[in-house]
Amino acid sequence: MSPLASIIGFLVLTVSNAGVFPALAAMTPLRIGEARAHHPIALQVSAGMAGGAAISALIGLLIIHSGLVVVGPTLLGLGLPVMAASATLDRLAPVVA
Amino acid sequence: MSPSRLKVPKDRGGAEAAARRFDRLSLWSFAFLGLPDGGRRRLSGDAPQLQSLDRRSWAHAGGDHGRFGRCRAVRRAPDDAAGVAGVIATAGCCGMVAAAFDHRRAGVVAFVVSGAVDVTAILLWLGHRSRFRPGVPPPARSRRRGTPGPATEIEPAVASDPTSGWGRSRTTVVLALGLLVFFLFAGLEISASQWLASYARHRLGLSAVGAGVCAFGFWAAVTAVRVCSPRRPSLRHPGPSRGGGPRASSRAPRSCGRR
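One line per chain: the protein sequences are A and B, in this order. Sequential numbering from 1077 applies to the first sequence in the numbering used here. Sequential numbering from 25 applies to the second sequence in the numbering used here.
Isolated chain B (complex conformation) (with noise of 0.2 Å):
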């Protein structure tokens, strides 16, 4: 999800712009929304039983809520969970070191902060909100750059509808389904991320810098690898798979996108 990504040339009108600005801000609020939530992990090592309570609460699991409804929402790139994800968890990283520096003033300066950034991306939107107004159509979803020529290649699997023909229980069965697989495996994720340093602290004896690192390896790790993630429209592409020419295999998913 590199910024050039994201350029959109002059001469496409008012909507790319407003669509361009969007995208802007959308990006710039994961990277905001993580700087402080990564400050706030640090900075609750240190009380782990209150940990869950404190960064879970309900206004934060709205924003996160926001973020990745936001993330479908990013309009020259819809298909980069894992890239968004890897912005946000970036930012965390860098609130989590930021957070440390700041560790004798009891986390005071890493709040100051964690407030001022959330207040300008409050401000930020709802400038964009009063310069474009809800209820005008939003502009048509354009293709990735890079991929000139006639829209048709990955078009018709977005086009189609898996669920037609499917009965209500069936799709009442999947969505929940869907919600489990969701409660149960962040649930195992950022436990073992919220514990990992209880755990190294007091069960493997390490030092409380040792244990420190462990959680800064731990956040390092998932952003590295969300980072390097694959784009996901690999998935759809319905030409040839192998040695299909150099779109197909510039394309290919390196490890994971797929399962």
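So here's chain A without its partners, still in its complex pose (with noise of 0.2 Å):
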């Protein structure tokens, strides 16, 4: 794969990903109701950014073994769960609009 290929793919993924968090954290209160919304989107947060440290910590690990051609298919894999994640968490609590 080019450079080049291997740049546009991250750009994509950025733009693709860039609106998700903050939509997300916008969505719990819709989800679970405004009142108590407040304690779960910090916990998420926390949640988010323990997983920043975990995952990219995991993937060091993984690069140490295997070298840095790990490192797009463990994005990819990350991905499936999250799709997922979200998708039952769309059956069980559907954004009330």
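No lab work stands behind these hints: they were computed from the structure. For clarity, every value in this text was computed on a predicted model and none was experimentally measured. Don't be surprised by glycine CBs; every beta carbon is placed ideally from N, CA and C. It cannot be assumed that every hint is accurate.
[Claimed, not checked] Across the chosen pairs, the derived CB separations fall in these ranges:
#	chain 1	residue 1	chain 2	residue 2	range
1	B	H152	A	R1167	38 to 44 Å
2	A	L1134	B	S231	25 to 31 Å
3	A	S1092	B	V237	16 to 22 Å
4	A	V1088	B	H226	18 to 24 Å
5	A	A1130	B	T144	28 to 34 Å
6	B	G229	A	S1142	17 to 23 Å
If you follow the hints, you should be able to join the two separate chains into one complex; please do so.
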């Protein structure tokens, strides 16, 4: 894969992901109600930061063992459970528009 | 989240003034927190193996926890999570640029500036706390500017409780799934950003400058998208969704904020 294709891929990943995090935070009140959303949002962001630390470190360990080639497949592998969990969440707690 | 949206008429009394001050302080805190974040991001690029342990320390995670907790508390813009994230990301990009100019001095100046803005933020919050004592009931949440008239248009959805009728197990599962989604998604996003420089440098064979440009481009794209994201209240607009008058059309979402 050429460097340009990889860079474009990262750019697409960035642009497509950029709005997801704030949208998830903004939709929590619509899922569980405005009154009780404050603490869950704070906990969700904390979970996100913990995920950033843990998963980044995990990928680092994988890179030590297998090299930087694991970055792409690992990110793809992370996207699938995110999709599954988000779909389940939508079914259990639909956004009340 | 333009500053004009934070303007409050002077004749609304002390409560409004306190709320306005709180809004301003919150927004500037996001910028303060984002600025050194970007600087650290840039400076730790030289040692990516240490990056996650360095940047994502518990103290830093606590700051993130606080900043988005405060995001919900920005009284006049309670739904602008994307806007607040954009402020943080913009400040982070500024921090990255500033740190890039400080590369030869190993980031000493950047870290001094980072510490200075952190201390400034702490002092401002302490001053605010001493001036407006906790325990005083917060002012009632007012409507956004530009939405005159009775506050009935978006209030019903706010007042309703979507969890009514849920069992304890369902509530627990929903909350756990929410945490899981954030854990995995933020892990994906942060991992991509953190390992991008190493990947570009050592896997794609780009120069150090090219890798830096890639990292900057990543966060610049994040910033652009988040700043340009629409406001959320359009989601809760109960009125006609198609051709429902000027207010409905003017607040329709452009791209995200809906799924």
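Going through the hints against the structure:
no.: 1; hint: B:H152 x A:R1167: 38 to 44 Å; verdict: holds (43 Å)
no.: 2; hint: A:L1134 x B:S231: 25 to 31 Å; verdict: holds (28 Å)
no.: 3; hint: A:S1092 x B:V237: 16 to 22 Å; verdict: holds (20 Å)
no.: 4; hint: A:V1088 x B:H226: 18 to 24 Å; verdict: holds (22 Å)
no.: 5; hint: A:A1130 x B:T144: 28 to 34 Å; verdict: holds (32 Å)
no.: 6; hint: B:G229 x A:S1142: 17 to 23 Å; verdict: holds (19 Å)
Taken one by one, the earlier hints all hold for this structure without exception.
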